[in-house]
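Student: Protein chains in written order, with our numbering: chain W, 1 to 347; chain V, 348 to 694.
Nothing false has been slipped in among the hints.
Which residues of chain W face chain V? A few of them, derived with a C-beta cut under 7 angstroms, are:
1. Val52
2. Leu53
3. Asp54
4. Thr56
5. Ala62
Just so you know, the hints here were simulated from the structure itself, not pulled from any lab data.
Every residue, glycine too, gets a C-beta built ideally from N, C-alpha and C.
Protein chains: 2
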Amino acid sequence: MSAFSCPLPADPADTVQLGHGSGGLLMHRLLEETILPALDNRLLRQGHDSAVLDGTTGKRLAFTTDSYVVRPRFFPGGDIGTLAVNGTVNDLAMAGARPRWMSVGLILEEGLPMDELRRTLASMKAAADAAGVALVTGDTKVVDHGHGDGIFINTSGIGVIEHDLAIGAGAIRPGDVILLSGDLGRHGICILAEREGLAFETTIESDTAALHTPVLALLDAGVPVHCLRDLTRGGLASALVELMLASGHSTEIRERDIPVEPQVRGACELLGLDPLYVANEGRMIAIVPEDAAANALEILASFPETADARAIGTIKEGVSGQVVLASTVGTRRIVDMLPGDQLPRIC
Amino acid sequence: MSAFSCPLPADPADTVQLGHGSGGLLMHRLLEETILPALDNRLLRQGHDSAVLDGTTGKRLAFTTDSYVVRPRFFPGGDIGTLAVNGTVNDLAMAGARPRWMSVGLILEEGLPMDELRRTLASMKAAADAAGVALVTGDTKVVDHGHGDGIFINTSGIGVIEHDLAIGAGAIRPGDVILLSGDLGRHGICILAEREGLAFETTIESDTAALHTPVLALLDAGVPVHCLRDLTRGGLASALVELMLASGHSTEIRERDIPVEPQVRGACELLGLDPLYVANEGRMIAIVPEDAAANALEILASFPETADARAIGTIKEGVSGQVVLASTVGTRRIVDMLPGDQLPRIC
Chain W
1 MSAFSCPLPA DPADTVQLGH GSGGLLMHRL LEETILPALD NRLLRQGHDS
51 AVLDGTTGKR LAFTTDSYVV RPRFFPGGDI GTLAVNGTVN DLAMAGARPR
101 WMSVGLILEE GLPMDELRRT LASMKAAADA AGVALVTGDT KVVDHGHGDG
151 IFINTSGIGV IEHDLAIGAG AIRPGDVILL SGDLGRHGIC ILAEREGLAF
201 ETTIESDTAA LHTPVLALLD AGVPVHCLRD LTRGGLASAL VELMLASGHS
251 TEIRERDIPV EPQVRGACEL LGLDPLYVAN EGRMIAIVPE DAAANALEIL
301 ASFPETADAR AIGTIKEGVS GQVVLASTVG TRRIVDMLPG DQLPRIC
Chain V
348 MSAFSCPLPA DPADTVQLGH GSGGLLMHRL LEETILPALD NRLLRQGHDS
398 AVLDGTTGKR LAFTTDSYVV RPRFFPGGDI GTLAVNGTVN DLAMAGARPR
448 WMSVGLILEE GLPMDELRRT LASMKAAADA AGVALVTGDT KVVDHGHGDG
498 IFINTSGIGV IEHDLAIGAG AIRPGDVILL SGDLGRHGIC ILAEREGLAF
548 ETTIESDTAA LHTPVLALLD AGVPVHCLRD LTRGGLASAL VELMLASGHS
598 TEIRERDIPV EPQVRGACEL LGLDPLYVAN EGRMIAIVPE DAAANALEIL
648 ASFPETADAR AIGTIKEGVS GQVVLASTVG TRRIVDMLPG DQLPRIC
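Looking at chain W on its own, in the form it has when it is part of the complex:
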């Protein structure tokens, strides 16, 4: 079985059929027998077109959306369901919001084995429970075989902003310190290794993780966080270039302070990839004032998902959008945005 295609298994009764998307009895059964039991919670059970949310108490809200089309759908360290929850949790966390509610939009391909749907939903439920997020509203569509790819998932999330900071590129100031939460490149290399059938001494696992707990700890401790960004598609390099363009500043980062696991580094060399551009699903940068950096690092170090956090560079005045890398061998080079299509369908 190729990881890329959705095989048509022998028993159609155990697969998703077009009728499962038509709003009738088959769909009712799919919801009652498979989807609702897997994701069960009070709001979803209300069975309305909309979930009714209470308890926002007038605070600012963060609202985000992401679709997930990763292939293969199952990989070491996670699957498309884990990713769909953690990725949206992280987008909320990057606004300094406490993730609260999430929607689930499924686009299923006719012929998808029901068991794969069940495994994916179970992963979503486990990741949502771990993050304290309620899956409150959903939608299921079915597309004909050959016009989709197994499962595509959209999750949209709402979080409550309990701080008064204006976290974002606009708050970045020269002198600020860039904190990187851990090693780079594991998610991207894990996916690529699965696709290409590459074997390493030990399996490289995706870094997929929810980052809201350490972020909220920074805010609770009063760290005046200027900007947060998770390092997904395009990796650290693209994120930094985007933030420097948006803020009008520049930065210099130190290669020797950017952790990359030896196996990931080896795979990157083998494949001609630069770990600075490889996607991560559980890594972020936090940009904080210089005098808050030591305290912030201490807080991050106390959580397993950011235990290896370190300062990797500082914000400077100068050419807007410029990111310079000081390499381990003493050279300095300009880091650009990823030009093309290094790794399609990584998330």
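We have chain W; now place chain V onto it with these hints.
Tutor: Chain V only, in chain W's frame:
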């Protein structure tokens, strides 16, 4: 050109490429040159992973999600973009909420002509502006040719609930009157006619419409609305069976009071379809107490999108989930949920 497939046009520069989804320079350009200008608004321009929403003032919120996979993507009366905005506006309206914010998740197929993307985005923007909804956050993924179908769109919406009613199946009471907002079946028959190349004397246009204005007018006038439901996949019949199952009541509806345009009726007879099951995208039922029905009908009649509203039946005690149709020829039959896959990919 078939409406079903996504052709690979001659000039790849004018189509969506895999690199447009990879988080680098190509994606940055797609966003800056095509997507953001088409959907432009202040919150989207913030360029964060999350939109920050202000002004919820502690009221209850409605939250909903829907993915749109309709084919063909362009049809008389609308397109997938119109549908994606109106459909989610309507899900919020069915909670009696004022639609405020919407997310846009695009899954594009490699090879999609850029012009189709531009037309779709323009439709979304026009529909959002008409409904007073801000498109505040988005995401774009690209899947390889043959693993998607042109454009899939997810929209998630947030609305503010300004009333104190508990609108839903749980509020339905025996004696309540069912109001239907207009004629049935135009969206489904329009899509089917496009797919099958059926020609009618005049073109049947989709009924796609946003229904929040008449709904909010009912609530503003103090109509104690018990339940609202839009009649999408599965049509009026499936919606009523679901609501009767959820409320534990039964109902009898009168065929003679259910408007169906002659051309739609003719097409249904030709195709062996029952208009009660055909999908609509701008129709709803409102279930209200008997003594509020006349006032509610008068209010609905004053809006073009619900001008043809009428009472079609009443809620009864008795077998939970039972829906009986009193036909024009004097017979009575039980209406079941749509058993299978009458019309796949209708929305």
